[in-house]
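Assemble the complex: chain G is given as a structure, and chain Y must be docked to it using the hints.
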Amino acid sequence: DTAVSQTPKYLVTQMGNDKSIKCEQNLGHDTMYWYKQDSKKFLKIMFSYNNKELIINETVPNRFSPKSPDKAHLNLHINSLELGDSAVYFCASSQAGSPGELFFGEGSRLTVL
Amino acid sequence: AQSVTQLGSHVSVSEGALVLLRCNYSSSVPPYLFWYVQYPNQGLQLLLKYTTGATLVKGINGFEAEFKKSETSFHLTKPSAHMSDAAEYFCAVSGYSSASKIIFGSGTRLSIRP
Chain G
1 DTAVSQTPKY LVTQMGNDKS IKCEQNLGHD TMYWYKQDSK KFLKIMFSYN
51 NKELIINETV PNRFSPKSPD KAHLNLHINS LELGDSAVYF CASSQAGSPG
101 ELFFGEGSRL TVL
Chain Y
1 AQSVTQLGSH VSVSEGALVL LRCNYSSSVP PYLFWYVQYP NQGLQLLLKY
51 TTGATLVKGI NGFEAEFKKS ETSFHLTKPS AHMSDAAEYF CAVSGYSSAS
101 KIIFGSGTRL SIRP
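From first to last, the protein sequence lines stand for chains G and Y. Quick note: the first sequence uses the working numbering, first residue 1, plus one each step. Quick note: the second sequence uses the working numbering, first residue 1, plus one each step.
Next up, chain G with everything else stripped away, as it sits in the complex (with noise of 0.2 Å):
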C-alpha cells in the first residue's frame, strides 16, 4: 500500500489552464504539505495543513488554492496556469510529535506549454 499518494503524476496543460492535483495519505498523520521542486531541485514549502486547518501559508500567487476535506486528504487547485508553474509538486505527510519526519509522495510533474 503506498502511504502518500499523489494523482496525477503528470500534468500537461497550456498556459490559462486550471489543474488539480490530489493527494492521500494513509499513515494516520495529522499534518500534510504542498512542496514545489523547480528545476534546480529547490525545495520550497508552500502549503502546510494540521488536522484540515491551515497553519503555513507561505507567499505563493492565489491562483493557488489549497483544500483539505479531511485530515488524510490535501488536494491543491490551481488557476490560470503560467509558464512559471512548471515543477514537481511534491505532497508530504508528518505526525504530531515528530516534526521535520516527513513522508513524501512520488511528485506530481506538471508542465504549462
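Everything labelled a hint here was simulated from the structure, so no lab data went into it. Please note: incorrect hints may appear among the correct ones.
[What the hints assert, rightly or not] Calculated pairs, EDC-like style, for lysine to aspartate or glutamate (alpha carbon to alpha carbon, straight line, at most 20 Å):
1) G:K44 x Y:E88
2) G:K9 x G:D85
3) G:K44 x G:E106
4) G:K41 x G:E106
5) G:K41 x Y:D85
6) Y:K101 x G:E58
7) Y:K58 x Y:D85
8) G:K36 x G:E58
9) G:K19 x G:E106
10) Y:K58 x G:D85
11) G:K41 x Y:E88
12) G:K19 x G:E101
13) G:K40 x Y:E88
14) Y:K101 x G:D38
15) G:K36 x Y:E88
16) Y:K101 x G:E53
17) Y:K49 x Y:E88
18) Y:K101 x G:E101
19) Y:K49 x Y:D85
20) G:K40 x G:E101
21) G:K22 x G:D85
22) G:K67 x G:D85
23) G:K22 x G:E53
24) Y:K49 x G:E101
25) G:K44 x G:E58
26) Y:K101 x G:D30
Only chain Y this time, still in chain G's reference frame:
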C-alpha cells in the same frame, strides 16, 4: 529564522571511497536536523535525523551524520560508496512543533564513479 547551506551542488566519488556531504545550518534555537535522499523520479525519503541526545546519528544504507553545535554543522558521511548511493541529498532543519516549517537546503547531487 532558520536556514540551511549545503556546500557543493555536486560531489563525485569513486565506488568504495568515503562519501562526505556538507551541511551548515543557522538557527536561533537548537534545531532538529535531517538528511533526506531523493532518487531519480521519486519523492524524498528520510535518511536520518538528529533531535536531542547523541550527536552521532546513524541512518539507513550505512549513512551517518554528526551534529556539531560549535561548528553549526551536520555533515553526512558513509565510509564506502556504492553505485546505488547515486542520488540527490538534502539537508533540512526544523523547529520543535508540528507548526514548524521544515527548511531544505539546495541539495547535493552525489555521483559514483565505477
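Results for each hint:
For the hint linking K44 (chain G) to E88 (chain Y), the alpha-carbon distance of about 16 Å falls within 20 Å, and the restraint holds. Our distance criterion of 20 Å between C-alpha atoms is met by K9 (chain G) and D85 (chain G), whose separation comes to about 15 Å. For the hint linking K44 (chain G) to E106 (chain G), the alpha-carbon distance of about 16 Å falls within 20 Å, and the restraint holds. Our distance criterion of 20 Å between C-alpha atoms is met by K41 (chain G) and E106 (chain G), whose separation comes to about 14 Å.
For the proposed pair K41 (chain G) and D85 (chain Y), the alpha carbon gap of about 18 Å is at most 20 Å, so the pair holds. Simply put, K101 (chain Y) and E58 (chain G) have alpha-carbon atoms about 10 Å apart, close enough for the 20 Å limit, and the pair holds. About 16 Å separates the Cα atoms of K58 (chain Y) and D85 (chain Y), which keeps this hinted pair within 20 Å; it holds. Of the pairs offered as hints, the one joining K36 (chain G) and E58 (chain G) holds, with about 11 Å between alpha carbons and a cut-off of 20 Å not exceeded.
Our distance criterion of 20 Å between C-alpha atoms is met by K19 (chain G) and E106 (chain G), whose separation comes to about 18 Å. Straight-line distance between C-alpha atoms of K58 (chain Y) and D85 (chain G) comes to about 37 Å, which puts the hinted pair past the 20 Å bound. Of the supplied pair hints, the one linking K41 (chain G) and E88 (chain Y) holds, its CA atoms being roughly 9 Å apart against a limit of 20 Å. For the proposed pair K19 (chain G) and E101 (chain G), the alpha carbon gap of about 29 Å is over 20 Å, so the pair is violated.
Between the alpha carbons of K40 (chain G) and E88 (chain Y) the distance comes to roughly 11 Å, so the proposed pair stays at or under 20 Å and holds. The suggested pairing of K101 (chain Y) with D38 (chain G) holds, with an alpha-carbon distance near 19 Å, which does not exceed 20 Å. About 16 Å separates the Cα atoms of K36 (chain G) and E88 (chain Y), which keeps this hinted pair within 20 Å; it holds. For the hint linking K101 (chain Y) to E53 (chain G), the alpha-carbon distance of about 15 Å falls within 20 Å, and the restraint holds.
For a cut-off of 20 Å, the pair hint linking K49 (chain Y) to E88 (chain Y) stands: about 17 Å separates their Cα positions. For the given pair, K101 (chain Y) sits about 11 Å from E101 (chain G) by alpha-carbon distance, which is consistent with the 20 Å threshold. As the CA atoms of K49 (chain Y) and D85 (chain Y) are separated by approximately 18 Å, the hinted pair is consistent with the 20 Å bound. Simply put, K40 (chain G) and E101 (chain G) have alpha-carbon atoms about 23 Å apart, too far for the 20 Å limit, and the pair is violated.
Taking the CA atoms of K22 (chain G) and D85 (chain G), the gap is near 17 Å; set against the 20 Å cutoff, the hint holds. This hinted pair checks out: K67 (chain G) and D85 (chain G) have alpha carbons roughly 18 Å apart, not beyond 20 Å. For the hint pairing K22 (chain G) with E53 (chain G), the CA-to-CA distance comes to about 17 Å; that is within 20 Å, so the pair holds. Straight-line distance between C-alpha atoms of K49 (chain Y) and E101 (chain G) comes to about 8 Å, which keeps the hinted pair within the 20 Å bound.
Using a Cα cut-off of 20 Å, the hinted pair K44 (chain G) and E58 (chain G) holds, with the two alpha carbons roughly 9 Å apart. About 15 Å separates the Cα atoms of K101 (chain Y) and D30 (chain G), which keeps this hinted pair within 20 Å; it holds.
The structure fails to meet hints 10, 12 and 20 from the earlier list, while all remaining hints are met.
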